[in-house]
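According to the working numbering, the sequence shown is numbered sequentially starting from 1.
Quick caveat, the hints were computed from the structure, so don't treat them as lab data.
Hints should not be assumed to be uniformly reliable.
[Unchecked claim] Think about it this way: if two alpha-carbon atoms lie no more than 20 Å apart in a straight line, the pair counts; the simulated DMTMM-like pairs of lysine to aspartate or glutamate are:
no., residue 1, residue 2
1, K45, D116
2, K45, E34
3, K45, E68
4, K37, D13
5, K45, D8
6, K56, E67
7, K45, D13
8, K37, E88
9, K45, E113
10, K37, D8
11, K56, E68
12, K45, D112
13, K37, E82
14, K45, E9
15, K56, E34
Small disclaimer: the values here were computed from a predicted structure and weren't measured.
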Amino acid sequence: VDPLDVVDEYGADALRFSLVTGVTPGQDVPLSMERVKVNRNFCNKLWNAARFLEPKMVTSGGVITQEELSSMPLFERYIISEAHACAEASAAALEDYSIGDAGTRAYRFFYDEFADW
(Lines of atoms letter the chains of each structure in order from A; the text may use other names.)
(Lines give C-alpha, C1' and ligand atoms only; values in the text may rest on other atoms or scores of the structure.)
Protein backbone atom coordinates (compact mmCIF):
# COMPACT_ATOMS: atom_id res chain seq x y z
CA VAL A 1 0.00 0.00 0.00
CA ASP A 2 1.44 3.34 -1.04
CA PRO A 3 0.72 5.87 1.73
CA LEU A 4 0.70 8.75 -0.74
CA ASP A 5 -2.11 7.10 -2.71
CA VAL A 6 -4.07 6.53 0.51
CA VAL A 7 -3.56 10.17 1.54
CA ASP A 8 -4.70 11.35 -1.88
CA GLU A 9 -7.88 9.27 -1.70
CA TYR A 10 -8.82 9.40 2.00
CA GLY A 11 -6.72 12.15 3.57
CA ALA A 12 -3.77 12.19 5.94
CA ASP A 13 -5.87 12.39 9.10
CA ALA A 14 -7.82 9.25 8.20
CA LEU A 15 -4.60 7.36 7.49
CA ARG A 16 -2.95 8.54 10.72
CA PHE A 17 -6.00 7.67 12.81
CA SER A 18 -6.26 4.24 11.16
CA LEU A 19 -2.61 3.49 11.84
CA VAL A 20 -2.82 4.61 15.46
CA THR A 21 -6.08 2.90 16.41
CA GLY A 22 -5.57 -0.26 14.39
CA VAL A 23 -2.28 -1.30 15.95
CA THR A 24 -1.53 -3.78 18.70
CA PRO A 25 1.86 -2.83 20.16
CA GLY A 26 4.61 -5.07 18.83
CA GLN A 27 2.56 -6.36 15.89
CA ASP A 28 2.44 -5.61 12.19
CA VAL A 29 -0.14 -3.04 11.10
CA PRO A 30 -3.15 -4.67 9.40
CA LEU A 31 -4.27 -1.78 7.21
CA SER A 32 -7.75 -2.11 5.74
CA MET A 33 -8.90 0.44 3.19
CA GLU A 34 -12.44 0.01 4.52
CA ARG A 35 -11.21 1.05 7.98
CA VAL A 36 -9.40 4.04 6.48
CA LYS A 37 -12.66 5.03 4.76
CA VAL A 38 -14.59 4.73 8.04
CA ASN A 39 -11.96 6.85 9.77
CA ARG A 40 -12.14 9.44 6.98
CA ASN A 41 -15.86 9.73 7.67
CA PHE A 42 -15.12 10.02 11.40
CA CYS A 43 -12.60 12.82 10.81
CA ASN A 44 -15.11 14.61 8.59
CA LYS A 45 -17.88 14.30 11.20
CA LEU A 46 -15.52 15.53 13.91
CA TRP A 47 -14.52 18.50 11.76
CA ASN A 48 -18.16 19.41 11.09
CA ALA A 49 -19.04 19.17 14.79
CA ALA A 50 -16.10 21.42 15.67
CA ARG A 51 -17.20 23.96 13.06
CA PHE A 52 -20.71 23.89 14.54
CA LEU A 53 -19.53 24.31 18.12
CA GLU A 54 -16.68 26.79 17.60
CA PRO A 55 -18.85 29.94 17.31
CA LYS A 56 -20.70 28.95 20.48
CA MET A 57 -17.43 28.42 22.33
CA VAL A 58 -16.12 31.83 21.29
CA THR A 59 -19.20 33.66 22.56
CA SER A 60 -19.17 31.79 25.89
CA GLY A 61 -15.41 32.03 26.35
CA GLY A 62 -15.19 28.22 26.23
CA VAL A 63 -15.79 27.85 29.96
CA ILE A 64 -19.04 26.68 31.54
CA THR A 65 -19.65 27.92 35.06
CA GLN A 66 -21.27 25.75 37.71
CA GLU A 67 -24.35 27.98 37.56
CA GLU A 68 -24.65 27.54 33.78
CA LEU A 69 -24.13 23.80 34.10
CA SER A 70 -26.84 23.36 36.73
CA SER A 71 -29.32 25.32 34.62
CA MET A 72 -28.79 23.07 31.56
CA PRO A 73 -31.19 20.26 30.68
CA LEU A 74 -30.26 16.80 31.94
CA PHE A 75 -29.09 15.48 28.56
CA GLU A 76 -26.66 18.40 28.15
CA ARG A 77 -25.20 17.86 31.61
CA TYR A 78 -24.90 14.15 30.80
CA ILE A 79 -22.97 14.70 27.57
CA ILE A 80 -20.65 17.20 29.27
CA SER A 81 -19.90 14.73 32.07
CA GLU A 82 -19.26 11.97 29.51
CA ALA A 83 -16.94 14.29 27.56
CA HIS A 84 -14.96 14.97 30.74
CA ALA A 85 -14.78 11.24 31.52
CA CYS A 86 -13.58 10.53 27.98
CA ALA A 87 -10.96 13.29 28.18
CA GLU A 88 -9.65 11.97 31.50
CA ALA A 89 -9.53 8.35 30.29
CA SER A 90 -7.86 9.39 27.03
CA ALA A 91 -5.29 11.50 28.89
CA ALA A 92 -4.49 8.54 31.16
CA ALA A 93 -4.12 6.29 28.11
CA LEU A 94 -1.79 8.79 26.45
CA GLU A 95 0.33 9.00 29.62
CA ASP A 96 0.69 5.20 29.42
CA TYR A 97 1.64 5.52 25.72
CA SER A 98 -1.56 3.67 24.75
CA ILE A 99 -2.23 5.98 21.84
CA GLY A 100 -4.54 3.55 20.07
CA ASP A 101 -6.66 3.17 23.21
CA ALA A 102 -6.95 6.95 23.54
CA GLY A 103 -8.06 7.25 19.92
CA THR A 104 -10.56 4.42 20.27
CA ARG A 105 -12.06 6.03 23.39
CA ALA A 106 -12.49 9.33 21.55
CA TYR A 107 -14.05 7.54 18.56
CA ARG A 108 -16.51 5.64 20.74
CA PHE A 109 -17.48 8.70 22.75
CA PHE A 110 -18.03 10.79 19.65
CA TYR A 111 -20.09 8.24 17.74
CA ASP A 112 -21.84 6.43 20.60
CA GLU A 113 -22.59 9.43 22.79
CA PHE A 114 -22.05 12.86 21.25
CA ALA A 115 -23.18 12.34 17.65
CA ASP A 116 -25.88 9.84 18.57
CA TRP A 117 -28.24 12.35 20.19
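Verification of the hints:
1. K45 / D116: holds (12 Å)
2. K45 / E34: Status holds; Cα separation ~17 Å.
3. K45 / E68: violated (27 Å)
4. K37 / D13: Satisfied, since the Cα-Cα distance of roughly 11 Å is no more than 20 Å.
5. K45 / D8: Measuring from Cα to Cα gives roughly 19 Å; hence the hint holds.
6. K56 / E67: holds (17 Å)
7. K45 / D13: holds (12 Å)
8. K37 / E88: Violated - the C-alpha atoms of E88 and K37 are around 28 Å apart, more than 20 Å.
9. K45 / E113: The hint holds at about 13 Å.
10. K37 / D8: holds (12 Å)
11. K56 / E68: holds (14 Å)
12. K45 / D112: Status holds; Cα separation ~13 Å.
13. K37 / E82: Judged against 20 Å, a Cα distance of about 27 Å means the pair is violated.
14. K45 / E9: Answer holds: K45 to E9 is near 17 Å, not above 20 Å.
15. K56 / E34: violated (34 Å)
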